[in-house]
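As they're listed, the protein sequences go chains Z and B. My numbering numbers the first residue of the first sequence as 1 and each following residue consecutively. My numbering numbers the first residue of the second sequence as 1 and each following residue consecutively.
Don't take each hint at face value.
Subject to a maximum C-alpha distance of 27 Å in a straight line, what follows is the list of computed DSSO-like cross-link-like pairs (lysine-lysine) [unchecked claim]:
no., chain 1, residue 1, chain 2, residue 2
1, B, Lys89, Z, Lys200
2, B, Lys89, Z, Lys578
3, Z, Lys83, B, Lys89
4, Z, Lys64, Z, Lys33
Hints in this document: simulated from the structure, not taken from any laboratory. Note that this is a predicted model, so its numbers are computed, not measured.
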Amino acid sequence: MRLFYKFILLLLFVTGGKLFSQSHISGRVTNEKGNPLPYVNVFIEGSFDGDMTDTDGKFSFATKLTGELKIIASMVGYDKFVKPAALPAELSLKIILEQTSIKLKETVVSGSAYSSEEGKGVVVSKIDVYTTPGGAADLFQSIKTLPGVTNVSESAELYVRGGDPIETVTLIDQAPIYHPYTYESSYGGLFSNVNTAAMKSMFFSSGGFSAKYGNALSGVLEIKTNNEPQVQRYGAGISMAGVSFSAEVPISGSKFGGMVYGRQSYTKPIMWLNGSDEEFINHPESRDINAILSYKFSETGRIKITGFYSEDEQGVKINRAEMDGSFFGNTNNNFLNVIISGIPYKNLFSSTSISYGSFNRDWKLGVLDLTNEDSAFRLRSESEYTVTENTKINFGAEFENRIESFRGKIPEDDFNLQETAPNIVLDESLQFIRTGGYAEIEHNGIFHDKLFVVAGLRADYVSKIKVGWIDPRFSLGYRINEKNIIKLGAGLFGQIPDYRLYAVEDGNPDLPPMRAKHLVLSYDRELNKNDALRAEIYYKDYDNLPLEDVALNYTGEGYGYAYGADIILKGILWGDLKGWISYGFLNSKRYWMDYTKYAPSDYDITHSFTFVSKYDIGSLFELGVNYKYSTGKPFRPITGANYITGYDVYEPVYGAQNSDRYPDYHRLDMRLSRYEQFFEGKFTVFYCEMMNILNIQNIFGYSYNSDYTKREKVNSYFGRRTIVLGVEMTF
Amino acid sequence: MKQVNSILLLLLAFATVNFAGDDQIAAKIAEIKSAHEKAYYNFSKEEYMKIWADCERVISIAPDNGEAKYFASLTAFRLMNVGLVKGDKSVVEKYADAGIKYADDIESDATLAAESAIVKANILMMKLAIVPQEAAALSGQIHGLIGKAEAMDPGNPRAILTKGIMLYNTPEQYGGSVQKAAELFTSAMESFDENSQKLIDWGHNESMAWLGQAYARMGKIGKARGIYNEALKYYPDFGWVRYQLLPALDQK
């Protein structure tokens, strides 16, 4: 009997104890706006006891657990809610979950923006870059197919809406790089030394860009390099233009990895196959290597080290009125950047980079014997603080110490380059320390839920000239509906002119910063996911441009304007035909540098038309087409010449400033590719690239006989049909 | 002495009630596994969210439990699939990162590494569907992960199936091939055995559905119908085949 009582007692104790210690926990989970959140997992930490919220955000569960415990409310995309609780107890909770990092409502805030990332303007993907015929998989050459980038020459330099190439800044992992080209000559660099394979994404804006970007009058190209690779991958390519290799290797799991991309280009085989107008002493060759180490140290944090090295050389015979001799040029370029990014505080994303770059270029042509060194140390920090899902604040600062030196001899007169010609000896080193900062607010739903605004202010100060300037920038958008947006952007933009113009010997150390005002009105229509139509009109007004002056060498009294319209349709053009069609109209006048009067600028390309398309022709073949048309570039004609007895040379007499134009430019490039898989999942692409297939003799200038009585066309780089065969594989 | 025994018994009773032991975790994992199968046929976001919640609770009890993390990543993949079909893009984006995180956590677990790579490859395929402009980078990663899984577990039917899906969805000019995909789906179907379904139980039914689609795309309508009907014999609740793929075939 005693045993029975004991048993009953025990049973009562156990069950009764449990009954008496049972807690009931209920409540409701909402977001910050008070909207109910369904599917939230509410439970006692370290147990299975819990419930999932219903469509009203309500939950309710019982638990027999006792003691000091923690109640968790968890949902992907929201911060975990943790509440200590002493159980048993009856609890009714009101839980508010905050988004882990609030994402600003998707909107396109930058006018004139092209990006490889969805939601940041018209999309130009990495694959677009690789497959644009005639572009040699070069990012800069591909960007030149977009409206607003005028085809002033065949170089890779970006002439944006009537602006000089120096007016567009290139950033790699947020650090500026000033010489991103190979074969830099007076005609500009031919290709980029940034390997497209090393690129993760790019953002390009041809005007009205954010206050985040300083010291740029016309455009911005921001490139982000690859993050740590998830899988091991190797690639190799060989063509008549060069060889390339790539290696992407995870070093420690999926969080740490390294990548190396290298290229060696040579021109002899192409010239052997296609011929050449030039007589080369050293056939142009270039090589570059891009290396990246990336470590993801936390869910949002990453440190990345990027190093670039490139060099090139060329030697070519020159037979012109100015001289009969040889041009030798070589450049080398180094760049090292360390960037650390992450979320140090809730909703605050920050990235800071420290970089060092150095560039060296030697040019020798008759009396011209010049070495240009350009090195820069930069520190840049950018932050984005998302206040609510409708409001974001961006701010940042940058510091740059750039030293540019010029050593050697330059001709006194540009019409006489002979070895014995009068010359100026240069030995100048110029140091510019620029500090800048910006703050910007993005807000959706101002006055009206369809209106969005971006307002920013940036300030820059350059110690060398003891000048600072402030640039207010503003953009207002109206979302007509999900597919249609109208935007208006305006702002001030400042930039230091070419540093060379600050030389004491032949420049002016007191030149002011150049200024531009932008006004851009654009209409975007999203046709479907990756197809878009954009039309823009713009006006750009220039002040404080450098202008040659008899007494001071240069003053800041130059001015000018550019206005025009751009339109692009990208996506499915017809049936299975994909690609893009772009057209740009431009009118640009300037009075600057050596201009004798207010005249159409060198970059005044009235009409630009581009058609890029790819078509799957079956049997694993793809045909790509790239057709370009542009109005001929303006130039100042030579109308006569005067004989200079002492040097046995003629000095040309020029006609009115930019009163003539080169013939219109036409070029049709095609690319035939065949994709093969010799190994599963590993692609091999055979291609035949046919540049200027119609063999149209485009020119980039005229050469004259010694007394300037006869002139001959100087063919452009691709002034004759050029065929390149190649193969690329991954393994 | 008897009193002491009673107290011990009492404590034991409480202990089993209050703290989840290994057996309970194992039972919960089995429950999750079985719930996965049901949720797949019901194509139900709610059911997957419940599985996700269960996985989170197991991980809160046993933070090193690889199976729970594996099932969490598998759930993320399934939720992305549901989100994609139902046009809920935010689910696809949110669960991609969460699923990859759990898959990465178990990449060094010898017993789960191959399966983790397969699920991660499938998550990236879902991601590829919403950001096709990243195809170049993502497809390289996906193929790399499949290769990694094949190297670690040769003949894994889910690796073969995943490779087939990738080939099926890749445009021909970039190396896609419906013919090769069909061969892989057949091979995947034949590779499923008891061993391959011991820990994880997914893929056999899908191999059949994908093979049917490959046949249909090649114009082999009779063969497609045959394989769909066979799938329904094995899996009568297979809604994807019964309500979508077969009716689509009838319209051809």
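Hint by hint, here is what the structure shows:
no.: 1; hint: B:Lys89 - Z:Lys200; in the structure: 22 Å, holds
no.: 2; hint: B:Lys89 - Z:Lys578; in the structure: 25 Å, holds
no.: 3; hint: Z:Lys83 - B:Lys89; in the structure: 31 Å, violated
no.: 4; hint: Z:Lys64 - Z:Lys33; in the structure: 33 Å, violated
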